[in-house]
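Enquirer: Please model the entire structure based on the sequences and the hints provided.
Residue strings, one per chain:
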Amino acid sequence: MDFALVRPLIDLWVGVQAWAFETFVSPLLYALDLMEWYEPAFNAVEFVMLGIVQIAVIALVMRPMERRWGIERDEAALVGVDRVYTALNKLGVIPLLVFVAAYPITNELDYLVRVLGLAPPRLERLVPGLHDNALLSFLAYFVLYDFAAYWVHRAQHRFRWWWALHSLHHSQRHVTAWTDDRNHILDELLVNLVLAVFAQFVGVQPDDFVLILIVGRLVESFSHIGLDLGFGRLGSRLLVAPRFHRLHHAMSDAHDPHIHDHNFAAVFPIWDVLFGTARFDIAPRPTGVDDREIDADNDRGWLGQQARVFRRFAAALLPVAMQSRL
Amino acid sequence: MKRAFMAALALVLGAGTVARADQVIVLNSEEASYSVLSRGQRTELQRVPLGREPHHLTQTPDGKEVLIASTVTNELVALDAKTGERKRTVPGIVDAYQLGFSPDGKWFVTASYRLDHVDIYRYDGTTFTLANRTFTGGMPSHLTFDTDSKTVFVSLQQTSRVVAFDLATQAIKWNKEVGKVPAGLVMLPDNKRLLVALTGEDAVVTLDPATGQTTGRLQTGRGAHNFWPKGDGRHWFLSNRVEGTISLIDSQEMKVVATVRVPGGPDCMDITPDGKELWVTQRFLRRIAIVELATLKITGSIPVGKSPHGVFILKAPAAPLRAAAND
Numbered sequence: 001m002d003f004a005l006v007r008p009l010i011d012l013w014v015g016v017q018a019w020a021f022e023t024f025v026s027p028l029l030y031a032l033d034l035m036e037w038y039e040p041a042f043n044a045v046e047f048v049m050l051g052i053v054q055i056a057v058i059a060l061v062m063r064p065m066e067r068r069w070g071i072e073r074d075e076a077a078l079v080g081v082d083r084v085y086t087a088l089n090k091l092g093v094i095p096l097l098v099f100v101a102a103y104p105i106t107n108e109l110d111y112l113v114r115v116l117g118l119a120p121p122r123l124e125r126l127v128p129g130l131h132d133n134a135l136l137s138f139l140a141y142f143v144l145y146d147f148a149a150y151w152v153h154r155a156q157h158r159f160r161w162w163w164a165l166h167s168l169h170h171s172q173r174h175v176t177a178w179t180d181d182r183n184h185i186l187d188e189l190l191v192n193l194v195l196a197v198f199a200q201f202v203g204v205q206p207d208d209f210v211l212i213l214i215v216g217r218l219v220e221s222f223s224h225i226g227l228d229l230g231f232g233r234l235g236s237r238l239l240v241a242p243r244f245h246r247l248h249h250a251m252s253d254a255h256d257p258h259i260h261d262h263n264f265a266a267v268f269p270i271w272d273v274l275f276g277t278a279r280f281d282i283a284p285r286p287t288g289v290d291d292r293e294i295d296a297d298n299d300r301g302w303l304g305q306q307a308r309v310f311r312r313f314a315a316a317l318l319p320v321a322m323q324s325r326l
Numbered sequence: 001m002k003r004a005f006m007a008a009l010a011l012v013l014g015a016g017t018v019a020r021a022d023q024v025i026v027l028n029s030e031e032a033s034y035s036v037l038s039r040g041q042r043t044e045l046q047r048v049p050l051g052r053e054p055h056h057l058t059q060t061p062d063g064k065e066v067l068i069a070s071t072v073t074n075e076l077v078a079l080d081a082k083t084g085e086r087k088r089t090v091p092g093i094v095d096a097y098q099l100g101f102s103p104d105g106k107w108f109v110t111a112s113y114r115l116d117h118v119d120i121y122r123y124d125g126t127t128f129t130l131a132n133r134t135f136t137g138g139m140p141s142h143l144t145f146d147t148d149s150k151t152v153f154v155s156l157q158q159t160s161r162v163v164a165f166d167l168a169t170q171a172i173k174w175n176k177e178v179g180k181v182p183a184g185l186v187m188l189p190d191n192k193r194l195l196v197a198l199t200g201e202d203a204v205v206t207l208d209p210a211t212g213q214t215t216g217r218l219q220t221g222r223g224a225h226n227f228w229p230k231g232d233g234r235h236w237f238l239s240n241r242v243e244g245t246i247s248l249i250d251s252q253e254m255k256v257v258a259t260v261r262v263p264g265g266p267d268c269m270d271i272t273p274d275g276k277e278l279w280v281t282q283r284f285l286r287r288i289a290i291v292e293l294a295t296l297k298i299t300g301s302i303p304v305g306k307s308p309h310g311v312f313i314l315k316a317p318a319a320p321l322r323a324a325a326n327d
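These protein sequence lines are chains A and B, in that order. According to the numbering used here, the residues represented by the first sequence are 1 to 326, in order. According to the numbering used here, the residues represented by the second sequence are 1 to 327, in order.
Please keep in mind that the hints were generated in silico from the structure rather than gathered at the bench. C-beta atoms are modelled at their ideal positions from N, C-alpha and C, and glycine is treated no differently. Treat each hint with caution, since some may be false.
Claimed, not checked - If you want the ones that stay clear, here's a sample from chain B, every Cβ over 12 Å from chain A, calculated:
1. E44
2. D146
3. R241
To be verified - Cβ-Cβ distance ranges computed for the label pairs, FRET-style:
4. B:A168 x A:M49: 49 to 55 Å
5. A:A56 x B:D22: 42 to 48 Å
6. A:M49 x B:K297: 55 to 61 Å
Claimed, not checked - Derived contacts from chain A toward chain B, CB cut-off under 7 Å, selection only:
7. A31
8. M35
9. A134
Expert: Okay, here's the thing in structure tokens:
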């Protein structure tokens, strides 16, 4: 690669990152005696910068596409709260909370594994050609991660207590590019904890993990876009298209009571094809959940949704006999 | 005719060798590569793929090779210290974030920052044999040796401690709390004072190497991090990462005699064989700064890869070994 061509851009990006870090973050870390997090915090600044870029891509590219060619007329009342979720996620607020909660657990697991003398297999050792090729290595880990994400998503639909949380994401009646981050905090924690532990055990490195998250979430934002858009017969089987993912959000009815138990993949539809959960319908359908309690999420703001969904989750954990008391 | 051809060939080969001795190696720790720079042209000549997350390097006891540790792919790559030519790979050295040889060349020690252990190896000139692995916790990050090769000292960043190991028995001699986020260490030539840079503070503390007791403190700059010898046995450079400066410390007077501003998180350093320039990696700016020592001013800054960390100026084997302080 000829770095001279992109060097001015790199310098600009790095300059902004260094300025933001040294002006705001570094003094805070020093004052709060958190200097052991110095280098992760520097990388976190880049994470937030990339989040800003993602928000810009959604706002300036995806949303105009929706307004121009969207399946549905824009409903500000429904969409507004999803912007809050997106901002909290992309700007690092939710990821930071998830990290603080999950780190002690993943760190202890990692330490235990090392003490027992176990070591995760290194893909670079198992697959020739990966060792000195950072891009190929990244793609290999990305595919593995997406495989795990597919199964986590199936679990979110399979277990009643997890569906109680995840149903918030599906309750949206007007799915847009802002909808991807519409999740309960507890759901985010559980999903990210499982995927972080998985990533640890297959040897995904922290930098790749962050990059996988960012690239993956951008693809997922696009797959939520309110357009009737496929990638062709072959393309739609290689990369999740908006039409493919919209079927996953389709409202079930008597005809199709389990329609949302299809098309779980986040980035690569191959997992749905392999495990028999793929559907490639053509006609777009209304989205949402055919359940009055869950649908009522649309009448609430961010805080109201978080509180109400937590009650739903708690109720789902209790034995049936005690649920009536809630 | 044949003699003239051989002479011309020797000239070309010799010129190539001299050109390579002008070069500097910089490890791009978040890019799985190292940059080869030209000192004279002050430019990056090439970027070479490497195993993932290379952070630090060290010269072999005979001075002929420099070993680069890839912490994720768990291997050492040996380059010729004079020409930069890749010589061999040593697999199975796990998470060697920091690495170094004892002054007598018989021991090789690594600090595993991510996996929280210190490994002590026996070294016979070619082979590394693991003598002991100790799980210390606390993010072991930097190490140094006493001058008689009996003890290795390792800083634990997260737990604010320094731990001393007996090399012969690999037993822990002492384990003391020293201050916030201890990082770089250096054993002074008198073998009686161990300096520890406190990245969580703005100071260097002096420890008694026999007991670990703190015997002195010198204020430097916020984020005191890493040492490098000036080469006169008396003065040491210290990078202050938060403040963005390099302090020059007189270890006899125990005072800061000069300070130079190097922005962007200055970290590892190396000094040119002629003693005229100090090359400093700027972690946050993806650059390496060149400080002219006569004026203590930055005279150049070369762009490299992401998170540049260890730096090594190629030099002939006869040049003095790197001192007991490891970066």
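Enquirer: Decide, hint by hint, whether the structure agrees.
Expert: Tested hints:
| no. | hint | in the structure |
| --- | --- | --- |
| 1 | E44 | 7 Å, violated |
| 2 | D146 | 26 Å, holds |
| 3 | R241 | 7 Å, violated |
| 4 | B:A168 x A:M49: 49 to 55 Å | 50 Å, holds |
| 5 | A:A56 x B:D22: 42 to 48 Å | 44 Å, holds |
| 6 | A:M49 x B:K297: 55 to 61 Å | 31 Å, violated |
| 7 | A31 | 10 Å, violated |
| 8 | M35 | 4 Å, holds |
| 9 | A134 | 5 Å, holds |
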